[in-house]
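Novice: One-letter residues, chain by chain:
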Amino acid sequence: MKSFILLILLTSYRLLAQVNGDIQVPYVDFEMKKGKGEYSTRGKCNMCHSFGYVINQGNQSRKFWLKKTIKMIEVFNAPIAEKDIDVVVNYLYENYGNREEE
Amino acid sequence: MERREFFKKAVVTASTVAFSSNILKAGETTHPVDDRKVTSIAFPEKRPMIMYSDRPPLLESPREVFTSALTPNDLFFVRWHMPMIPSHINTSAFRIKIDGLVDKEINFSLKDLKTKFKQVELTAVLQCGGNSRSAFHPTASGIQWGAGAMGCAVWKGVRLKDVLEHAGLKSFATWLGFNGKDKAVYSETANFIREMKLEDLDENVLLAYEMNGEDLPYLNGFPLRLVIPGTYSDSWLKMISHITVTKEQNRLFFMEKAYRIPDNECECETPKKLVEKTKPIEKINVNSIIGYPQQNSKVRVNAHIVVRGVAFDAGSGIKLVRVSIDGGKIWRDALLDKGEGGNFAFRAFRYTFKPEKVEKVTIMCKAISNAGDEQPLAKDIKWNHGGYRYNGIDEVTIEVV
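These protein sequence lines map, in sequence, to chains A and B. 106 is the number that our numbering gives the last residue of the first sequence; the numbers go up by one with no jumps. 473 is the number that our numbering gives the last residue of the second sequence; the numbers go up by one with no jumps.
Hints should not be assumed to be uniformly reliable.
[To be verified] Label pairs and their in silico Cβ distance ranges:
# : chain 1 : residue 1 : chain 2 : residue 2 : range
1 : A       : Lys37     : B       : Glu177    : 20 to 28 Å
2 : B       : His376    : A       : Glu106    : 31 to 39 Å
3 : A       : Glu106    : B       : Lys349    : 38 to 46 Å
4 : B       : Glu100    : A       : Lys75     : 21 to 29 Å
[Said to hold, decoys possible] Part of the chain B face toward chain A, derived, beta carbon under 8 Å:
#  : residue
5  : Asp126
6  : Pro128
7  : Pro129
8  : Ser159
9  : His160
10 : Gly172
11 : Phe189
12 : Gly214
13 : Ile215
14 : Ala256
[What the hints assert, rightly or not] Within a straight-line C-alpha distance of at most 16 Å, the following computed EDC-like cross-link-like pairs (lysine to aspartate or glutamate) qualify:
#  : chain 1 : residue 1 : chain 2 : residue 2
15 : B       : Lys345    : A       : Glu105
16 : B       : Lys329    : A       : Glu78
17 : B       : Lys344    : A       : Glu104
18 : B       : Lys345    : A       : Glu78
19 : A       : Lys75     : B       : Glu328
20 : B       : Lys344    : A       : Glu105
No wet-lab data here; the hints were simulated from the structure. Yeah, the Cβ is synthetic: ideal placement off N, Cα and C, and Gly gets one too.
Let's have the full structure, built from the sequences with the hints guiding it.
Specialist: Written out as structure tokens, the structure is:
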């Protein structure tokens, strides 16, 4: 009898309660290097994704960061005004650059 | 009975991953980064893993996972494209919709899938096209994964073919578009839609709801995901909720721009001269990895060492794994498991030896597939801008003390 009840419990678990309540992915505060444009860049990138997504691209060229920033605007509708593109790109290149222009 | 406990919202400060400066000459491939530590915090249903981002979640399996032919669900790698993932799935209300060029539009519940169609189990490797990207120099575009953006699981679900047959395909149906429940932050942004040519659909393509005998973990696509054995994971859509059948390809961003390699003989290019004509990454290539011992570990002289690892390819199966314990001069055959998982699965291998001298020993492994493909040395892998399809011969150096 006991195992019968357990079987019913297990069966109902499988059909109904796979995710028990809301999922919460932990929030991770990725440290950013201090530098000119840090605050502005943080705000713009963090609107959509964590800063980990940025720095874990590795150190990259200025052209790379420019292309990525434009992609974020064109493909993902990032709210980065044209006049702010340079601030973001300069910050990323100066702090996460590889000393190559392209 | 298992009760799923989810981690409450927690704030962690992650130190930034340090990247070595670019001292290597252009185009020289090395080994992927192998010294990243797991985080101090676990993500939902996961043990602590190597973490690149929390939003969207990007988690890598540590090397020691690759000592066995199946990867545990709670250490299985995670990669999402869109940051907005529903925080709750109502399993009774969840539907997968199939529309477009079908005789009748379909909205199936999970129960419909589980009761109306034949249940199929299949073991297959799920590997990110950018797995081991950190091996490429200069730094290729994308997350700088080590070697753990992959895993192998037993997937249980129904054949996509059966479900589509139920909907009835129109004669001019040619393309399948897949969409999941994850979303971009801005509503006008294109979803992560992937497309597949109907003629590439075979009986191995599944809509899976179980992984290694459990419901799919949330971060691996609960409650339903695509399984396309033999291909890289870019089209194994997670939380799949919509399939559209069309005549023409929609040519969306994620098909046209992402996950592509140069369409030339060597599938390679240089940073200064990128190849214009590209093709999708598609089939995974032959590969193997050492799960034990770990890099820089110490062992005693005359200790009985069992090197363990896994090997796999796109489905021809693994013919042979060879191991070298002298840095690549002499190669000997490793012992392979019985291969019960089939040709799309990890094949576990082991190799026993006894180090007799106090010295550093470099252990290498290389897989050879039934199709006749053999892994190249890491340095012979050619560069491509996305850092895709790395399959260099793995190596681990240990210290005999």
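Novice: Now tell me if each hint is right for this structure.
Specialist: Against the structure, the hints come out as follows:
Between Lys37 (chain A) and Glu177 (chain B) the beta carbons are some 52 Å apart, a value that contradicts the proposed interval 20 to 28 Å. The hinted window of 31 to 39 Å between His376 (chain B) and Glu106 (chain A) is violated, with their beta carbons roughly 53 Å apart. Between Glu106 (chain A) and Lys349 (chain B) the beta carbons are some 21 Å apart, a value that contradicts the proposed interval 38 to 46 Å. The hint said 21 to 29 Å for the Cβ distance between Glu100 (chain B) and Lys75 (chain A), and at roughly 27 Å that hint holds.
Because the beta carbon of Asp126 (chain B) sits about 4 Å from the nearest beta carbon in chain A, less than 8 Å, this interface hint is met. For Pro128 (chain B), the interface hint holds, the least distance from its beta-carbon to any beta-carbon of chain A being 6 Å, beneath 8 Å. The criterion of a C-beta within 8 Å of any C-beta in chain A is met by Pro129 (chain B), whose closest approach is roughly 6 Å, and the hint holds. Satisfaction of the interface hint for Ser159 (chain B) is found here, the shortest Cβ-Cβ separation to chain A being roughly 4 Å, below the 8 Å cut-off.
This hint holds: His160 (chain B) has a C-beta 5 Å from the nearest C-beta of chain A, less than the 8 Å allowed. Checking Gly172 (chain B) against chain A by beta carbon gives a least distance of about 24 Å; that is not within 8 Å, so the hint is violated. Violation of the interface hint for Phe189 (chain B) is found here, the shortest Cβ-Cβ separation to chain A being roughly 16 Å, above the 8 Å cut-off. Given the 8 Å rule on beta carbons, the hint for Gly214 (chain B) holds: about 7 Å separates it from the nearest Cβ of chain A.
A distance limit of 8 Å between C-beta atoms decides the matter here; for Ile215 (chain B) the minimum to chain A is near 5 Å, and the interface restraint holds. The closest approach between the C-beta of Ala256 (chain B) and any C-beta of chain A is roughly 6 Å, which is under the 8 Å cut-off, so the hint is satisfied. With a C-alpha separation of about 15 Å, the suggested pairing of Lys345 (chain B) with Glu105 (chain A) holds against the 16 Å cut-off. Proposed proximity of Lys329 (chain B) and Glu78 (chain A) is supported: the alpha carbons are some 13 Å apart, at most 16 Å.
For the proposed pair Lys344 (chain B) and Glu104 (chain A), the alpha carbon gap of about 12 Å is at most 16 Å, so the pair holds. Straight-line distance between C-alpha atoms of Lys345 (chain B) and Glu78 (chain A) comes to about 24 Å, which puts the hinted pair past the 16 Å bound. For the proposed pair Lys75 (chain A) and Glu328 (chain B), the alpha carbon gap of about 14 Å is at most 16 Å, so the pair holds. Straight-line distance between C-alpha atoms of Lys344 (chain B) and Glu105 (chain A) comes to about 12 Å, which keeps the hinted pair within the 16 Å bound.
Hint violations for this structure: numbers 1, 2, 3, 10, 11 and 18, all remaining hints satisfied.
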